[in-house]
Each structure stands twice: as C-alpha cells, then as structure tokens.
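Peer 1: Take the sequence shown: its letter number 100 is residue 100 in UniProt numbering, and every next letter is one higher.
You may find that some hints are simply not true.
Using 20 Å as the maximum straight-line C-alpha spacing, the simulated DMTMM-like pairs for lysine to aspartate or glutamate come out as follows [what the hints assert, rightly or not]:
| no. | residue 1 | residue 2 |
| --- | --- | --- |
| 1 | K66 | E44 |
| 2 | K75 | E60 |
| 3 | K75 | D52 |
| 4 | K42 | E68 |
| 5 | K80 | D52 |
| 6 | K66 | D52 |
| 7 | K48 | E60 |
| 8 | K75 | E50 |
| 9 | K80 | E44 |
| 10 | K75 | E44 |
| 11 | K80 | E68 |
| 12 | K48 | E68 |
| 13 | K67 | E44 |
| 14 | K67 | E50 |
| 15 | K42 | D52 |
Pair by pair, the computed Cβ-Cβ distance ranges are [said to hold, decoys possible]:
| no. | residue 1 | residue 2 | range |
| --- | --- | --- | --- |
| 16 | G33 | G62 | 14 to 22 Å |
| 17 | K42 | K66 | 17 to 25 Å |
| 18 | P81 | G35 | 16 to 24 Å |
| 19 | M64 | V31 | 16 to 24 Å |
| 20 | P81 | G54 | 30 to 38 Å |
| 21 | P81 | T55 | 28 to 36 Å |
| 22 | V45 | P81 | 16 to 24 Å |
| 23 | G54 | K80 | 13 to 21 Å |
None of these hints come from the bench; they were simulated from the model. Don't be surprised by glycine CBs; every beta carbon is placed ideally from N, CA and C.
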Amino acid sequence: MAPPVAQAKPKEKPKERAPGAKAEPEAPKPVIGIGATVVGLKGEVWGKVERDGGTAWFLESGRMVKKETVGKRWKWQVPKPAAADGDDPDSDDDEDFVELADSKTKERTTPATR
Numbered sequence: 001m002a003p004p005v006a007q008a009k010p011k012e013k014p015k016e017r018a019p020g021a022k023a024e025p026e027a028p029k030p031v032i033g034i035g036a037t038v039v040g041l042k043g044e045v046w047g048k049v050e051r052d053g054g055t056a057w058f059l060e061s062g063r064m065v066k067k068e069t070v071g072k073r074w075k076w077q078v079p080k081p082a083a084a085d086g087d088d089p090d091s092d093d094d095e096d097f098v099e100l101a102d103s104k105t106k107e108r109t110t111p112a113t114r
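With the hints as extra help, turn the sequences into a complete structure.
Peer 2: Encoded structure:
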C-alpha cells in the first residue's frame, strides 16, 4: 500500500478592492534587531544596532543597550510612513479645488434674477 500523500493547502486569494481604490495604509511598525535604530525614551537617537550580544544589543555608536530595559530606558525607532512626504498626487486637495472651481462655474452660468 502506498504511503498517504500530503495535500497542499489552497492559496489565499488577495483581498479584492474596488477599481481605483487605494490600499489601506498600514500603521508603521517598529523595526527591531540588527540595522534598526535605538532611541531614548525622550526621542534622542542612540544609534543603529550593529550586532546581537545575546542579552544586549551593540550599537554602531559604541553604546550597548540591555534587552531587558527596552521600554524602561530605550525603545525602537518607528519608521515614518512613506505617504507623509505630501507628494501624493491623489490627495484630497485636488478634489477640493475641482469642487470649488465647479461651484464658481455654476454661479457664473446662473442667470441673475433682479
């Protein structure tokens, strides 16, 4: 008798969006580990993580932070979202301008009643 064959799980379909709809922006997640930036609780940058020392992170600046003190003395820097630059051509400002222009056009084409 042949051994049982494992069946592959069906692939999940990506979530469908309406045509032209933007993807929901995800909240930025802190990057942790080697290459991530460590900051003090007041926001001052302490440095980038260069290597993992087991119970501590060693930073490029020569500083060492104990892993057990995360949230007490230091935290991981949260990257800023990419859309925060204000370079989004589909921002609401353009839509407001079009609506304003349309309303002025309508006012001009309406005959005066005097």
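Peer 1: Could you tell me whether the CB distance from K42 to K66 stays inside 17 to 25 Å?
Peer 2: holds (18 Å)
Peer 1: Under the criterion that the straight-line Cα-Cα distance not exceed 20 Å, is the pair K80, E68 satisfied?
Peer 2: Not OK: K80 and E68 at ~25 Å, beyond 20 Å, violated.
Peer 1: Has the hinted range 14 to 22 Å been met by the Cβ atoms of G33 and G62?
Peer 2: holds (19 Å)
Peer 1: Within 20 Å, alpha carbon to alpha carbon, are K75 and E44?
Peer 2: holds (10 Å)
Peer 1: Taken at face value, is the distance from the CA of E60 to the CA of K48 at most 20 Å?
Peer 2: holds (6 Å)
Peer 1: CA of K75 to CA of E60, is that 20 Å or under?
Peer 2: Since the Cα atoms of K75 and E60 sit roughly 16 Å apart, the hinted pair holds (cutoff 20 Å).
Peer 1: So does P81 sit 16 to 24 Å from G35, Cβ to Cβ?
Peer 2: Check passed, 19 Å falls within 16 to 24 Å.
Peer 1: Is it true that the CA of K42 sits at most 20 Å from the CA of E68?
Peer 2: Status holds; Cα separation ~18 Å.
Peer 1: Take the C-alpha atoms of K75 and D52, compute the straight-line distance between them, and say whether it is at most 20 Å.
Peer 2: holds (16 Å)
Peer 1: Does the alpha-carbon distance linking K42 and D52 stay inside the 20 Å limit?
Peer 2: Violated, because 24 Å separates the two Cα atoms, which is more than 20 Å.
Peer 1: Take the C-alpha atoms of K80 and E44, compute the straight-line distance between them, and say whether it is at most 20 Å.
Peer 2: Holds - the C-alpha atoms of E44 and K80 are around 16 Å apart, at most 20 Å.
Peer 1: Does the alpha-carbon distance linking K67 and E44 stay inside the 20 Å limit?
Peer 2: holds (18 Å)
Checked against the numbered hints given earlier, this structure breaks hints 5, 11, 15, 23; the rest are met.
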